[in-house]
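Asks: What follows is each chain in one-letter form.
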Amino acid sequence: MAHIHLPDGAFSIQWIITWWILALIILGLCLYWLKKVKKIDNRTITLASMLTSASFAIFQVSIPLFGGVHMNLTSLIGILTGPAIGGIIVLIVNILSAAIGHGGWGMIGANLLVSMTEVTVSYSIYKALGKFNLDTFFKAGIGTIIGLLFGNIAMILIILISGIQGVSQPITLYDLSLIAAVNMGVAIIEAFITGYVVSYIMRVRPDIFRR
Amino acid sequence: MSELSPHIPDLDLITFYSEKGTTLFSRISPWTKGLMLVLIILFVSLDKSLILAMCLYLIVLALYFLSGLPIKKLFQWYTMPFIFVLSLVLILIWNEPGKPIFSLDVPYLPLTITDNGLLLLLTLLFKSLASVTYSLFFLMTTRYNYFSAMIYRVFPSPIDQVFLMSYRFIFITLKMVESMIKALRSRGGGLLKSARRQSKMFAEVFALTMIRSYDRADRINKAMEARGFNGRYVAATRIPRIGIGEYFTMLMATILMIYLIWFAKLPF
Amino acid sequence: MKNEHVCNICTADANELIHVDCASHIYPDGSLGIHGMCFRVLEKEIVALCGPNGSGKSTLIEHLNGLLRPTSGSITVMGKKLDLSHINIWRDVGVVFQRSDDQLFAPTVLDDVMFGPINMGITIEQDRMEAIRALKAVGAENLLDKMPSYLSGGQKRLVCIAGVLAMRPKVIAMDEPTSDLDPVHAEMVENIILNLKNNHGISIVIATHDLDMAARISDRVCIVKDGSIIAEGRPSSIFYDKNLIEKSGLRQPNVVQIYEGIKKNLGISMENYPITADELIKTIASMIR
Amino acid sequence: MKNEHVCNICTADANELIHVDCASHIYPDGSLGIHGMCFRVLEKEIVALCGPNGSGKSTLIEHLNGLLRPTSGSITVMGKKLDLSHINIWRDVGVVFQRSDDQLFAPTVLDDVMFGPINMGITIEQDRMEAIRALKAVGAENLLDKMPSYLSGGQKRLVCIAGVLAMRPKVIAMDEPTSDLDPVHAEMVENIILNLKNNHGISIVIATHDLDMAARISDRVCIVKDGSIIAEGRPSSIFYDKNLIEKSGLRQPNVVQIYEGIKKNLGISMENYPITADELIKTIASMIR
Ligand SMILES: Nc1ncnc2c1ncn2[C@@H]1O[C@H](COP(=O)(O)OP(=O)(O)OP(=O)(O)O)[C@@H](O)[C@H]1O
Ligand SMILES: Nc1ncnc2c1ncn2[C@@H]1O[C@H](COP(=O)(O)OP(=O)(O)OP(=O)(O)O)[C@@H](O)[C@H]1O
Ligand SMILES: [Mg+2]
Ligand SMILES: [Mg+2]
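Each protein sequence line maps, in turn, to chains A, B, C and D. For the first sequence, the residue numbers in my numbering are 157 to 367. For the second sequence, the residue numbers in my numbering are 23 to 290. For the third sequence, the residue numbers in my numbering are 38 to 326. For the fourth sequence, the residue numbers in my numbering are 38 to 326.
Bear in mind the hints are in silico, worked out from the structure with no lab data behind them. Hints may contain errors.
Pulled from the structure, derived: some chain A residues nowhere near chain C, Cβ distances all over 10 Å [claimed, not checked]:
| hint | residue |
| --- | --- |
| 1 | I173 |
| 2 | L178 |
| 3 | I251 |
| 4 | K283 |
| 5 | F306 |
| 6 | G341 |
| 7 | R359 |
| 8 | V360 |
Result set (PhoX-like, lysine-lysine): computed pairs, CA atoms no more than 25 Å apart in a straight line [as the list claims (entries may be wrong)]:
| hint | chain 1 | residue 1 | chain 2 | residue 2 |
| --- | --- | --- | --- | --- |
| 9 | A | K283 | A | K195 |
| 10 | C | K117 | C | K81 |
| 11 | D | K301 | B | K244 |
| 12 | D | K183 | C | K262 |
| 13 | D | K319 | C | K319 |
| 14 | C | K183 | B | K204 |
| 15 | B | K197 | C | K262 |
| 16 | D | K183 | B | K197 |
| 17 | B | K204 | B | K222 |
| 18 | B | K204 | C | K117 |
| 19 | D | K183 | B | K42 |
| 20 | C | K300 | D | K301 |
| 21 | D | K234 | D | K81 |
| 22 | C | K319 | C | K279 |
| 23 | D | K207 | D | K173 |
| 24 | C | K183 | D | K262 |
| 25 | B | K42 | A | K195 |
| 26 | B | K42 | D | K118 |
| 27 | C | K117 | C | K207 |
| 28 | C | K279 | D | K234 |
| 29 | C | K301 | D | K319 |
| 30 | D | K319 | C | K300 |
| 31 | D | K300 | C | K319 |
| 32 | B | K244 | D | K183 |
| 33 | C | K118 | C | K81 |
| 34 | A | K194 | B | K244 |
| 35 | A | K191 | A | K283 |
| 36 | D | K183 | D | K207 |
| 37 | D | K300 | D | K319 |
For glycine and all other residues, C-beta sits at the position ideal for the given N, C-alpha and C.
Here chain A stands alone, though its shape is the one from the complex:
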């Protein structure tokens, strides 16, 4: 959910390019892995497409809490697909979001880094917790919370490093703490929902995970 909701024009051009280059490198790694190691098939492609659009559709639902919350469920994507396909999915979701004015085009690079952090961390934590005798709900929930926490940190770092164009005083952590707090509040809801979704899927369709 941590998403740099900043519009175009907020970051200066050098930072936009920097974050884009970093994002492209990570994407390149995903593609390399998918092509050389995993050898994706048709079905995976169709599946990834469907998850992308499901995630986008879910994002459009306004949950009537605190006057309306929207969820990207990036962690869920990470847990369901792993980082490589997850990377492609979040890239497309970010592009689509930019297309309808949800975050700027220039921000996609930075946003991708944030989303990738969430995807990777949530996935790893969820996998790591697999050894423990824990309820799926908690495994996914904890994975999500930690993933989102790291996503949030990544986001704050990116903003602190890039600064906002035209703001002359240095931005401090203190300035961003309010945003971080709100984000973590939403993260708790998202963790609850992700945990529930994963355990629901595990109960009804365990075969989705056994691919």
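Following the hints, complete the assembly by docking chains B, C and D with the ligands onto the known chain A.
Replies: Quick look at chains B, C and D with the ligands alone, frame taken from chain A:
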């Protein structure tokens, strides 16, 4: 979509306008419109002047209006970008050096808005609206099959394949989510009191969306394989080429941009 | 018998449960869902909405319990005009959607059926009783703790109906309740519809393409075309109006086609208007004798 | 006339296009899709698969062009046994899925219909011609550059059929081609099916719940129950076997019900077996005369 939340652009409506394709701007090459988008993003990222940001916004808004696109909807769709700008910038614009306009007397925390702070806010707002309006303009004047063909050309495999198919599936999943939400509302869901129950209900809907998307993907993949799908979907549409006039316009726009950003002297 | 189906709908009536008064709905993309639609539901009746694909049946149904708001015109439910303040309409009018999968979202059948009652805010124990009563009414009480995704098409439909029934609505609207069902399950649903009307006094609105079913079970048929009702009346009067039916982009029900075919073949005219298979059989048998 | 429908399927035949030999399919979750299924499709015929919900019709159809592989048993298409090496089966057998939305994925109708030909690897220009020919054959050439999501249910179905037709298959299998369609569109699809058989020499397999339609258009009916075919034969022989039909969890078609009702009502027995409305009308008219 429209049912799901009124302040998020409605893909159905967007596609409706883009497919209708009756305006002058629908005939311009999609590549031109795409390159102009890049130009606008560059402009917005480089520009530091409020006047320029405002002019850009007004021009884009005029384009949007001239295309006969729905203005009232546009203003509804501004909600999110507005909130995004405000949510971050409102925290940062306090105490910018400059002439104080307005002060809040909080103990230990002197908060002052200065002219520069306000300028900053407005500049960012106009920049953001210009880019959002142009994106929507682009979406609503370019046919879906051109977008598909462009995606196919621009992105490497398998990103293009995933992108192409998800673009198609969005219409399916949105319908699916929409009808589920409708079904819930018809039984009194949607106005629940407890946050816990509320999140649980939405979690159930989301889980079901995922499961059903998975099944749908399986079926669609089968249907494609039944017609010989071998992992490569080709978008066969020919995209209209960039015309001479369009090249010229883009060149002029670039020169103008370079001039305005680095050489023009503007008051603010 | 012709011309009995005049639209005299816009006069108020004592035992009127729903009154749609010249409602129009334009979808955001400009397509016309319904247009100048006048429609009403009386107490304890089964109304069938028949019309070609895209004529506006589903759109009308979604107006009946406030899922969609008319762009112009008004809708009155139980004597109360539907406006933004009247948000509890879902208690009075239940909707069974065409695709059962859209409706069943909870992990178990019982959870799903209890969803409505819980939202009405009685105690959980009562909600459970209510749900079980509803499941019994449709003969699905043995599915209680099954997972909805694993049910057959017919069973899913039954659970959907139970989910609506559990809220004890006055009116139930069903969108194509029997498409996709095999003949035995379809018959089951038909019987439940009749039972809801006769034993529970519930009025039922069905949108359907199966005109034979409409003829069998409905008290009144409304022909929907291009977003409004162009004719309404008793099935026997509507379905024998060949001009009207063809004009609306439909075909007469099988029974009627057969009967008219026979009359035409023999070159005779008749005063009888059989609309169910049983009636047709009796009529023809008496002709042969 | 009874007992004509014995399963003598397992003898090979000269003009046999598809031969399913005792195939079983168990889904990953353990549920039985089909079981000991024997089925064949001959040249230039329309075969109807009729059976209750969950009897295995769709599962069988997905086996016909290799989308599913039998867990045991074998399938022979065009004389070639289907195994993993034979992957080009989709050229010979086209499948039209029940839900059009599953099938239409491309941005425009033309793109979608061209999808099959492009995969067959001819030139783009030829693919386009092929697609247009197919669209013309179903009477949908005017939809060429429409967006599939914006078509009506009936139009979507036509485009799906065109998409399969464009590959010039020998056999087309359709899963419930008329459910969800209004009577006029359903009739249109029916006529296209007949036209494909008569003018293009294509064999067609349809799975359907509409037994009246099966009776009208099919040359052969297979009754599917619990994953295998329990009876097959000409419609007139199958549908007049009341025991068989009831045992299979179905109901006789309307026409048959009416005819048998009349016979029973009059207490007479007859040598005639009308199965379409026209035949029934003629039979009865001659009885009355
Ligand atoms: N969500 C939507 N957005 C835009 N237009 C819509 C939407 N839903 C329906 N329509 C349009 O409204 C009209 C009425 O549609 P509706 O679904 O009510 O018809 P219907 O009678 O239920 O058809 P069917 O028998 O195929 O279910 C159609 O022209 C349709 O294209
Ligand atoms: N993907 C699947 N996974 C597991 N079981 C399945 C799957 N698809 C079908 N089945 C099961 O296989 C059996 C046959 O299903 P199938 O869909 O072939 O029936 P059908 O005759 O087409 O029914 P309908 O008339 O409802 O379409 C059913 O018991 C069903 O539950
Ligand atoms: Mg409908
Ligand atoms: Mg089926």
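Asks: Could you grab the alpha-carbon distance between B/K204 and C/K117 and see if it respects the 25 Å cut-off?
Replies: This hinted pair holds, its Cα atoms lying about 22 Å apart.
Asks: Quickly compare the C-alpha distance for D/K319 and C/K300 to 25 Å and report which way the hint goes.
Replies: holds, 11 Å
Asks: C/K279 and D/K234 were given as a pair; does the straight-line alpha-carbon distance stay at or below 25 Å?
Replies: violated, 31 Å
Asks: Assess, step by step, whether the Cα of D/K183 is no farther than 25 Å from the Cα of B/K197, and give holds or violated.
Replies: Distance ~19 Å between D/K183 and B/K197 Cα, so the pair holds.
Asks: Verify the proposed pairing of C/K319 with C/K279, using a straight-line Cα cut of 25 Å.
Replies: Distance ~22 Å between C/K319 and C/K279 Cα, so the pair holds.
Asks: Quick one, are B/K42 and D/K118 close enough, alpha carbons at most 25 Å?
Replies: Not satisfied, since the Cα-Cα distance of roughly 49 Å exceeds 25 Å.
Asks: Mind verifying the non-interface call on A/R359? Its CB should be farther than 10 Å from each CB in chain C.
Replies: violated, 7 Å
Asks: Is the Cα-Cα distance between D/K234 and D/K81 25 Å or less?
Replies: Answer holds: D/K234 to D/K81 is near 6 Å, not above 25 Å.
Asks: Run the distance test for B/K42 versus A/K195: straight-line Cα separation, threshold 25 Å.
Replies: Cα-Cα ~40 Å, so violated.
Asks: Would the pair C/K117 and C/K81 pass a check requiring their Cα atoms to be no farther apart than 25 Å?
Replies: holds, 19 Å
Asks: What's the verdict on D/K183 and D/K207, does the C-alpha distance respect the 25 Å limit or exceed it?
Replies: Measuring from Cα to Cα gives roughly 28 Å; hence the hint is violated.
Asks: Does B/K42 sit within 25 Å of D/K183, going by the straight-line distance between their CA atoms?
Replies: holds, 10 Å
Hints 7, 8, 11, 25, 26, 28, 36 from the earlier list are contradicted by this structure; the remaining hints agree with it.
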